[in-house]
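Student: These protein sequence lines map, in sequence, to chains A and B. Using this note's numbering, read the first sequence as starting at 1 and increasing by one per residue. Using this note's numbering, read the second sequence as starting at 1 and increasing by one per residue.
Everything hinted at is true.
Far from chain B, some chain A residues (derived; all Cβ distances over 10 Å): (1) F73; (2) I77; (3) N79; (4) K86.
With a Cα cut of at most 25 Å, we get these calculated SDA-like pairs of lysine to any residue: (5) B:K25 <-> A:F66; (6) A:K76 <-> A:S182; (7) B:K78 <-> B:I67; (8) A:K34 <-> B:Y43.
It is worth saying that the hints were derived from the structure and are not from the lab. Note that CB positions come from ideal geometry on N, CA and C, so glycine has one too.
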Amino acid sequence: MSKIWSFMIIISIIIAFFIGNPDIIINSIMDSSKNAIENVITLAAMICFWSGIFNIFDKTSISKKFSKIFKIFFKKIFNTKELSDKAQEYMSMNISTNIIGIGNAATINGIKAMEEMQKNNKYVDKPSDNMTIFVLLNTASLQLIPTNMIAMRAIYGSTDPSSIVIPVWIVTFLSLISGIISIKILNKKIR
Amino acid sequence: MNYIIISIIPLMILVILIIGLNEKKDVFKLFIDGVKDGIKTVYNIFPFILAITVSIGLLNSSGALDILLIPIKPILVKFGIPDNIITLCILRPLSGSASTSVVLNIFKESGPDSLSGKIASIIMGGTETTIYCTTILLGAVKIKKMRGILIAGLIADSVAIITSIILVNMGII
Chain A
1 MSKIWSFMII ISIIIAFFIG NPDIIINSIM DSSKNAIENV ITLAAMICFW
51 SGIFNIFDKT SISKKFSKIF KIFFKKIFNT KELSDKAQEY MSMNISTNII
101 GIGNAATING IKAMEEMQKN NKYVDKPSDN MTIFVLLNTA SLQLIPTNMI
151 AMRAIYGSTD PSSIVIPVWI VTFLSLISGI ISIKILNKKI R
Chain B
1 MNYIIISIIP LMILVILIIG LNEKKDVFKL FIDGVKDGIK TVYNIFPFIL
51 AITVSIGLLN SSGALDILLI PIKPILVKFG IPDNIITLCI LRPLSGSAST
101 SVVLNIFKES GPDSLSGKIA SIIMGGTETT IYCTTILLGA VKIKKMRGIL
151 IAGLIADSVA IITSIILVNM GII
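Working from the sequences, and respecting the hints, build out all of it.
Tutor: So this is what it looks like as structure tokens:
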């Protein structure tokens, strides 16, 4: 992370000097910091709301039953021996909210799942195998109906805005499979 | 169909509340506790959001992104990939808002039902902001090493992009 992050900043500053307007750097920093604050405020509102709702769900007996639905699926791609029940509960809530398309609820449940998994993690500074697979699942778009995209297509006058749904499923499925295969191979190579 | 889609989320809130009340839980207190947790989470992930937004903003506005793309673009254009799709592919894993604005430009210029409009829609629907997501999830547990996540995520994204282009060129939609 350190390397990528500093590379992005260093290359930007050097190129800005070459092009001849170094003042763009400070303007850009101010703009994007402001953006980050604005984004985090909207994000905070929704994350807090969903965190509240899912805390209720979490304390009911249904959440345990709910995570059982996902057990078979988890066994296929995770090492379930290292996954606590609590972690599996948060993971199943994360995946189901992702599928419905409540990104903010998925974020909060995903973070809680990561915190639970971190408790069983042998290393402090490296993600465990299960954590890498879980993060990868979150970087794939599990959302069943790409509602935002359909809405935008409709606004810009598409004759059939929802025609993208099935291609999106094919794309998601193939990219998910290739992602999981790659992370499983990479997990053995990069310790 | 649309009605069902927009009903799922409100129904879910309703069901959660009813289950909670049914099990005689102090639903209000649980909600408040959850919100407190949420605030802590936001506090923990904010530095990561700021770090990633600033670095992406710099890359974009300094022109570094365009310069980095100069050697790659002609090769990809030869394969029949529209110019603006290439920019989208680079921005998509980094930032949701930046990639959305590229897509809206494509829609404005050539319409959502054009070749590049369709490719862009499918790429946006079938992928996530890989780098942003990874940063937040790992940042929340204060892990800085990524092992293979980034490479695997980018492989998955490339597969998504390639299949989108193939599907549209085959005339599936």
